[in-house]
Amino acid sequence: MRKIFQAIFALVLLLTVSLFAQNMCIELCTPCQNKKDQTCKKVDKRCHCAALLDSISAAQASKDAAFAESINKLSDELLQTCDETVCARNISFENGLFKEIKQGPSPVSNETKQSLYETKFNKTQPEMSRIEPLPPMTEECSGFCGDCPVTDKMLKAKQPKFKDKFCKKIEQSCKCIDYAINKKQLAEQAKADSVAEFERKLQRIENATALAKQIQEHSINDSACTLTVVFANSEMMALDIQKAKEIVKEKRSEPATTVKENIAEEQPTQFQKTSKSTTENEKEDVWASYSQKSIAFQEDNPSSTNKEIKTDKAKNSFFGISLAFASLTTSAFYGKPLQDLDGYFEFGANLGFFHRIYFNRIVSFNYGLNAEFHHGWYCGFVNFSTILAEIPLGFRFGIIPLGTSQVSLFLSANFHIRKPIYQWYDFDIGSNYWDDYSDSDFASFSDWEFINLLGFGIEITRHFSLEFQWFAGNFRIYEGPFGTDAEQSYLNGSDSWRIKIDFAF
Numbered sequence: 228m229r230k231i232f233q234a235i236f237a238l239v240l241l242l243t244v245s246l247f248a249q250n251m252c253i254e255l256c257t258p259c260q261n262k263k264d265q266t267c268k269k270v271d272k273r274c275h276c277a278a279l280l281d282s283i284s285a286a287q288a289s290k291d292a293a294f295a296e297s298i299n300k301l302s303d304e305l306l307q308t309c310d311e312t313v314c315a316r317n318i319s320f321e322n323g324l325f326k327e328i329k330q331g332p333s334p335v336s337n338e339t340k341q342s343l344y345e346t347k348f349n350k351t352q353p354e355m356s357r358i359e360p361l362p363p364m365t366e367e368c369s370g371f372c373g374d375c376p377v378t379d380k381m382l383k384a385k386q387p388k389f390k391d392k393f394c395k396k397i398e399q400s401c402k403c404i405d406y407a408i409n410k411k412q413l414a415e416q417a418k419a420d421s422v423a424e425f426e427r428k429l430q431r432i433e434n435a436t437a438l439a440k441q442i443q444e445h446s447i448n449d450s451a452c453t454l455t456v457v458f459a460n461s462e463m464m465a466l467d468i469q470k471a472k473e474i475v476k477e478k479r480s481e482p483a484t485t486v487k488e489n490i491a492e493e494q495p496t497q498f499q500k501t502s503k504s505t506t507e508n509e510k511e512d513v514w515a516s517y518s519q520k521s522i523a524f525q526e527d528n529p530s531s532t533n534k535e536i537k538t539d540k541a542k543n544s545f546f547g548i549s550l551a552f553a554s555l556t557t558s559a560f561y562g563k564p565l566q567d568l569d570g571y572f573e574f575g576a577n578l579g580f581f582h583r584i585y586f587n588r589i590v591s592f593n594y595g596l597n598a599e600f601h602h603g604w605y606c607g608f609v610n611f612s613t614i615l616a617e618i619p620l621g622f623r624f625g626i627i628p629l630g631t632s633q634v635s636l637f638l639s640a641n642f643h644i645r646k647p648i649y650q651w652y653d654f655d656i657g658s659n660y661w662d663d664y665s666d667s668d669f670a671s672f673s674d675w676e677f678i679n680l681l682g683f684g685i686e687i688t689r690h691f692s693l694e695f696q697w698f699a700g701n702f703r704i705y706e707g708p709f710g711t712d713a714e715q716s717y718l719n720g721s722d723s724w725r726i727k728i729d730f731a732f
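Using my numbering, the letters of the sequence shown map in sequence onto residues 228 to 732.
No wet-lab data here; the hints were simulated from the structure.
Do not rely on the hints blindly, as some may be mistaken.
[Claimed, not checked] Straight-line distance between alpha carbons at most 20 angstroms, and here's what the computed SDA-like set of lysine to any residue pairs gives: (1) K470 to L454; (2) K563 to Y652; (3) K329 to D310; (4) K646 to G684; (5) K300 to S342; (6) K542 to V634; (7) K646 to E714; (8) K428 to C309; (9) K290 to K428; (10) K380 to I447; (11) K470 to E433; (12) K290 to G323; (13) K470 to D310; (14) K290 to I447; (15) K402 to E433; (16) K563 to L620.
[To be verified] With beta-carbon atoms standing in for the labels, derived distance ranges: (17) G373 to D420: 27 to 35 angstroms; (18) E444 to L550: 47 to 55 angstroms; (19) E254 to R427: 27 to 35 angstroms.
Cβ atoms here follow ideal geometry from the backbone N, Cα and C, with glycine treated the same way.
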């Protein structure tokens with residue numbers, strides 16, 4: 228057994244070395260082609276470059292010939308496979324070469340084929356003016372015009388006319404010249420139509436070759452594959468080329484209205500087979516059940532040849548802009564209690580961006596980044612302003628499930644992380660512990676605020692919402708005189724609240 232493994236290992240090693248050596252010889256022989264220097268002579272002695280390059284050229288020529296034959300065979304099949312304006316066929320390949328066009332029902336619906344054709348050829352071409360024959364000439368005029376023939380020389384003139392007086396009178400009644408001009412124009416038009424028809428057929432053959440090459444290029448990397456090709460028959464131009472399984476999947480993803488119409492046609496037959504005593508309520512139950520399945524099918528199969536647009540209810544991710552105004556009551560300001568001071572005014576203004584994700588029709592989560600500005604005035608003793616950066620995190624819970632109606636109500640639970648950036652403050656003498664002091668500076672790195680908020684709001688089509696929030700718990704950490712301290716930042720409940728407006732898109 229050990230000797231067998233050794234022999235197998237030696238054989239694999241030999242094949243690997245042989246392939247590596249052959250690839251190396253190809254790289255060395257190629258630049259030495261038609262050269263006789265010493266280096267190239269050594270390479271030729273080791274690798275036998277002439278024979279190696281000839282074998283490579285022969286293999287490539289054989290491959291190119293097979294490729295060209297495959298294209299010719301496919302183009303001939305395309306020219307004969309269909310009599311419709313738009314055709315859809317399953318075409319199979321083996322080792323990158325055409326095998327067959329599979330016969331059978333069209334793999335793509337007529338609506339899809341027509342839609343692809345109209346998308347490709349959406350510009351209506353102006354119709355060329357045609358020369359129409361004049362009404363038949365009377366026998367009497369035909370005889371008179373035979374006596375007054377219209378010559379080629381007359382037709383070449385800008386204003387052809389007869390010189391003979393008798394013919395001039397005949398021309399006034401029978402319009403011999405007009406009929407002669409019309410006859411010549413009809414003959415030239417017929418000749419032009421014949422040439423145009425020949426050129427159209429020739430162009431169609433050339434386009435079929437280009438189409439066959441385009442189709443075959445989609446199968447070069449696969450040993451065996453089947454492509455579903457939709458093409459315009461007269462123009463021989465591709466409208467859609469995909470792997471057969473992808474086309475089948477898209478064909479199943481038809482709009483609910485189309486599927487419902489098909490079911491509507493099949494439904495009476497089904498009822499007749501089961502029972503003719505089906506009531507109207509039972510029919511409504513059947514349609515309701517089908518509608519739910521149809522909606523679920525559309526959500527599971529978003530791809531479609533008609534490129535259906537997702538509705539807001541199906542979309543579960545929104546970005547947006549948030550605006551907020553807050554009425555605040557500061558409990559303590561960096562170790563100095565303010566809640567006992569009478570007469571105060573404090574507000575906050577907020578602008579930010581958010582991203583909201585709907586997990587289902589009930590629950591959603593949002594996060595973002597805000598810029599916050601606070602200003603407070605307390606009894607003339609304390610006057611401060613602060614710029615903060617804020618990260619809001621929040622969950623919404625639908626009272627009326629989100630997305631089931633145009634207007635939805637919700638409750639929310641939020642947690643905000645705030646970082647003071649810059650502060651202006653002015654302390655006046657007014658109590659035992661205040662000093663007359665004013666300053667402005669960047670906030671310390673250790674200054675942070677953490678706030679819990681509970682809210683109630685209304686949402687309209689997931690694009691607009693108005694929410695009222697109460698402070699439900701908060702604290703501030705800051706750098707005190709003896710290290711990091713913590714305090715309650717704001718009074719909770721009705722003393723501190725905010726109104727927020729969200730615009731999502």
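* Sort out whether C309 lies within 20 angstroms of K428, counting only the CA atoms. => OK: K428 and C309 at ~15 angstroms, within 20 angstroms.
* Straight-line alpha-carbon gap K646 to G684, limit 20 angstroms -> violated (26 angstroms)
* Is it true that the CA of K563 sits at most 20 angstroms from the CA of Y652? -> The given pair, whose Cα atoms are some 13 angstroms apart, holds under the 20 angstroms limit.
* Asked: Taken at face value, is the distance from the CA of I447 to the CA of K380 at most 20 angstroms?
  -> violated (63 angstroms)
* Mind checking the alpha carbons of K329 and D310 for me, to see if they're no more than 20 angstroms apart? => Given that 20 angstroms is the threshold and the Cα spacing comes to 16 angstroms, the pair holds.
* Asked: Taken at face value, is the distance from the CA of L454 to the CA of K470 at most 20 angstroms?
  -> holds (4 angstroms)
* **Outcome of range test on Cβ distance (G373, D420; 27 to 35 angstroms)** => holds (29 angstroms)
* Asked: Is it true that the CA of K290 sits at most 20 angstroms from the CA of G323?
  -> holds (11 angstroms)
* 20 angstroms limit on alpha-carbon distance, applied to hinted pair K470 and D310 -> Distance of about 23 angstroms is beyond 20 angstroms: violated.
* Quick one, are K470 and E433 close enough, alpha carbons at most 20 angstroms? -> Violated: K470 and E433 sit about 25 angstroms apart, past 20 angstroms.
* To do: Measure nothing beyond the straight line between the CA atoms of K300 and S342; if it is 20 angstroms or shorter, mark the hint as holding.
  => Between K300 and S342 the Cα gap is close to 29 angstroms, so the pair fails against 20 angstroms, i.e. violated.
* Mind checking the alpha carbons of K290 and I447 for me, to see if they're no more than 20 angstroms apart? => holds (12 angstroms)
Hint check: violations occur at hints 4, 5, 9, 10, 11, 13, 15, 16 and 19; the rest are consistent with the structure.
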